[in-house]
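Undergrad: Protein chains in written order, with our numbering: chain A, 1 to 316; chain B, 1001 to 1253; chain C, 2001 to 2260.
FYI, nobody ran anything at the bench for these hints, they're computed from the structure. One should not assume that every hint holds.
Listing some non-contacts, in silico: residues in chain B with all C-beta distances to chain C over 10 Å [stated by the list, open to error]:
#1 1002
#2 1010
#3 1019
#4 1026
#5 1221
Per the computed footprint, the stretches of chain C lying under chain B, defined by three or more beta-carbons under 8 Å from a beta-carbon of chain B, are [said to hold, decoys possible]:
#6 2043 to 2054
#7 2120 to 2134
#8 2169 to 2176
#9 2197 to 2209
#10 2233 to 2240
Listed below are the simulated DMTMM-like cross-link pairs for lysine to aspartate or glutamate, each with C-alpha atoms no more than 25 Å apart in a straight line [unchecked claim]:
#11 B:1003 to A:248
#12 A:100 to C:2155
#13 B:1003 to C:2151
#14 C:2052 to C:2079
#15 A:123 to A:170
#16 B:1247 to C:2149
#17 B:1079 to C:2149
#18 A:87 to C:2033
#19 A:123 to A:52
#20 A:87 to C:2155
#21 A:225 to A:24
#22 A:225 to A:241
Heads up, the beta-carbon is just placed ideally off N, CA and C, and yes, glycines get one too.
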Amino acid sequence: MSICVRNVTKRFGSFLALDDVSVDVETGSLTALLGPSGSGKSTLLRIIAGLESPDAGEIILAGENATARSPQSRGVGFVFQHYAAFKHMTVRDNIAFALKVRKRPRPEIRTRVDELIELVQLKGFGHRYPAQLSGGQRQRMALARALAAEPTVLLLDEPFGALDARVRAELRAWLRRLHEETHTTTVFVTHDQQEAMEVADSVVVMNEGRVEQVAPPRVLYDEPKNQFVMSFVGQANRFGDGWVRPHDLQVTLEPNGLTREVLIERLVHVGPEVRAELVRDDGVRLDLQIARDEADRLELAAGQIVYVRPTRERVF
Amino acid sequence: MRKTIALSYLTVVLLGPLAMLFWRIWQEGAGKAWSAISEPDTLHAFKLTIEIAAIAVPLNTIFGIVVGLAIVRTRFPGKGLVNAFVDLPLALSPVVVGLSLFLLYGRTGWIHIGQILFALPAMVLATVFVSVPYVAREVIPTLREIGDEQEQAAHTLGASGWQTFWRITLPSIRWAVIYGVVVTTARCLGEYGAVAVVSGSISGRTETATLRVQDYYENLDQAGAYGVSLMLGLIAIVVLVLMTLLKPKEGTA
Amino acid sequence: MDLRPVELGFVTTFLTVVVALPIAALVWASRADGWSGFWYWIRQPEPLSALKLTLVMAALVALTNAVFGTLIAWVLVRDSFVGQRLVNAVIDLPFALPTIVAGLLVLALYGPKSPVHVHAAFTRAAIYLVLLFVTLPFVVRTVQPVLHELDTQMEEAARSLGARELVVFTRIVLPSILPGILSGVAMAFARAVGEIGSIVIISGNRPFRTELASVWILNQTQSGNGTGAAALATLLLAISFVVLLGVGGFRRLATRHERA
Chain A
1 MSICVRNVTK RFGSFLALDD VSVDVETGSL TALLGPSGSG KSTLLRIIAG
51 LESPDAGEII LAGENATARS PQSRGVGFVF QHYAAFKHMT VRDNIAFALK
101 VRKRPRPEIR TRVDELIELV QLKGFGHRYP AQLSGGQRQR MALARALAAE
151 PTVLLLDEPF GALDARVRAE LRAWLRRLHE ETHTTTVFVT HDQQEAMEVA
201 DSVVVMNEGR VEQVAPPRVL YDEPKNQFVM SFVGQANRFG DGWVRPHDLQ
251 VTLEPNGLTR EVLIERLVHV GPEVRAELVR DDGVRLDLQI ARDEADRLEL
301 AAGQIVYVRP TRERVF
Chain B
1001 MRKTIALSYL TVVLLGPLAM LFWRIWQEGA GKAWSAISEP DTLHAFKLTI
1051 EIAAIAVPLN TIFGIVVGLA IVRTRFPGKG LVNAFVDLPL ALSPVVVGLS
1101 LFLLYGRTGW IHIGQILFAL PAMVLATVFV SVPYVAREVI PTLREIGDEQ
1151 EQAAHTLGAS GWQTFWRITL PSIRWAVIYG VVVTTARCLG EYGAVAVVSG
1201 SISGRTETAT LRVQDYYENL DQAGAYGVSL MLGLIAIVVL VLMTLLKPKE
1251 GTA
Chain C
2001 MDLRPVELGF VTTFLTVVVA LPIAALVWAS RADGWSGFWY WIRQPEPLSA
2051 LKLTLVMAAL VALTNAVFGT LIAWVLVRDS FVGQRLVNAV IDLPFALPTI
2101 VAGLLVLALY GPKSPVHVHA AFTRAAIYLV LLFVTLPFVV RTVQPVLHEL
2151 DTQMEEAARS LGARELVVFT RIVLPSILPG ILSGVAMAFA RAVGEIGSIV
2201 IISGNRPFRT ELASVWILNQ TQSGNGTGAA ALATLLLAIS FVVLLGVGGF
2251 RRLATRHERA
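For reference, chain A alone in the conformation it holds in the complex:
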């Protein structure tokens, strides 16, 4: 077990950022800390890195209690949302920093920096300054910099938050591939559930300073522990006592004993699927997701009355 967080509590003034949080991160895994703003995920990451210290609890890294250790001596690599690039140093000098600080011999530094520049695909940019790079390039540089000292754990704080959508998607896939190559234990913070689901092996869902659930993405989606997790990770409809995913609603043109009547208020085609906003007979609004072929077969259109029943629902 690479990282053990044990009963960590942290307050900022009167604000309780982390409330008795315990989490285990498996060695070699790619884990996401997912949650809305203020859920404590960044605080937890920074405490693991040693950039903040907990009011109570312990951080155990590779079996040893690291709670009192400085960030310098924890062997973690940290990547910031806004890069924290050393503006007055070139790309090569940024990446080389950890090695220079450890007084490694020059030829070794040169080789390693070359390797890393190759790895993050910044070849030819070595002698530029961060101000001359794009956001995506800066973040790749920041990653190379963090990897230079061969950390046992790699921590990323909303690493793609400052980038535009396309670059974000590219870097997500790229991070995944990088992890498959290096197998470094990696934890990243995000508020974007799609990102967490796409990239991570395991997701820690956090809310208001507490851990709601830890599970692989699939399990999180299909078997959420509570209402918060269900509605945060994917869309969910309230249906009586239970909750139903938009794609778990079966649509028929005729009622049967189990269906409810709905009016299709709005219908949009989004690529291979159709999304609809429904209004139930008692006024409750529902979201529907259905395959395009199915929608065509039923000849669904706005203003139409149809009947729905849940094929799968969860009750908490």
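Since the structure of chain A is provided, determine the placement of chains B and C on it from the hints.
TA: Just chains B and C, lined up with the frame of chain A:
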């Protein structure tokens, strides 16, 4: 640790002398200081100081605003030279300022129009010279930060150049100008070297408050010297309070 | 927007009358006896000694305040303590206080009737102390805004990469604040070279011991040696110009990494 070092240094260099100011005020008492101040020559000195400031400060305020606008908002040849001349008094010894005026208007100088040296005109010129930069240096960065979008908007809404200046530009820089005025006034009140050279320090005629202090000191009149300087010190504290209140808020945790 | 004739005329006339003409007259007067006359006065033992003392004192003071000014700026921006806002306000005192009063206060504290039993009046130590007073705010005020804007995440990044505190300061913080320090140092140097009001009170003006260039010039002017005074004054003028160029250069240095 570093807090201790920093504060110790500050105490030795700055806070110690400041404390002396208060201690002296407390020690000498208002009475003795007041009698020193109410000598006719000293009263005249204060009056003269205020007169000079009353001319120099408005002049440099207007100049500071105009040159600030010129440098930030317009193009013209020789901008670097203008900038250099505006900043020069900050780096130049007041004695050099005084001497240059002395040479320009003196017996062997280039300008002979009435009584300039050893009279009010030279003292005003000296004071204006040394206090040129202050309003400009507050106005320039403020104008840069604000940008000219508001003025552009005013133009599109039909305002003339003058109206735009009065209703938009001037209000937007008013706190910078006020701060600059406070600093300029302090500089004018405290000026010594340049005025010492050009005025001849004639008691009761061409002595400012600071020259009066020097006069008392040279004549070994401790009470007089401290009396006047306590008055100046009190004014300085008022200035300091104003500066602190008007300054843009940054620089502390 | 191009400058209107009225504004340009006003600015030019004002600067010419107030600044440029007097400076021109000064430089002209220093040449009155030709170049040899100029150098004659600079090389006389008394003014030369005064000049040397001035430059050495100014350099010492500038360096001292470079170190302590940076420290004070750091403490004001990054730490917190009781009375911090008051201390921050008081830093500007040397800008608000007439220098002649400053001289008297330093004399009162470290002179004959010193309450702390330091008797340094009319010595080089006194000059050093009073110059420290008048130049204190420069480095503090140029470094504070730079420190304030510094991205602390760069320092956190350096720590997470294994750098110890001293390395974080020297490799990450210092390069960023260095232009600010240098600007402040240059201004402090120029100020110290030119200081007169407080020096007149505290230094005793003993030739070859505690006489500074500014005082020599003052004395020479008042005793009729306009040429000699003008020579040394022109030299000080040249130093001022060099300092201003330096400050402009440091400003450009500060933004060099932002101009991609």
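Undergrad: So, against the hints stated earlier in the document, which numbers end up violated here?
TA: 1, 2, 3, 6, 8, 11, 14, 17, 18 and 19
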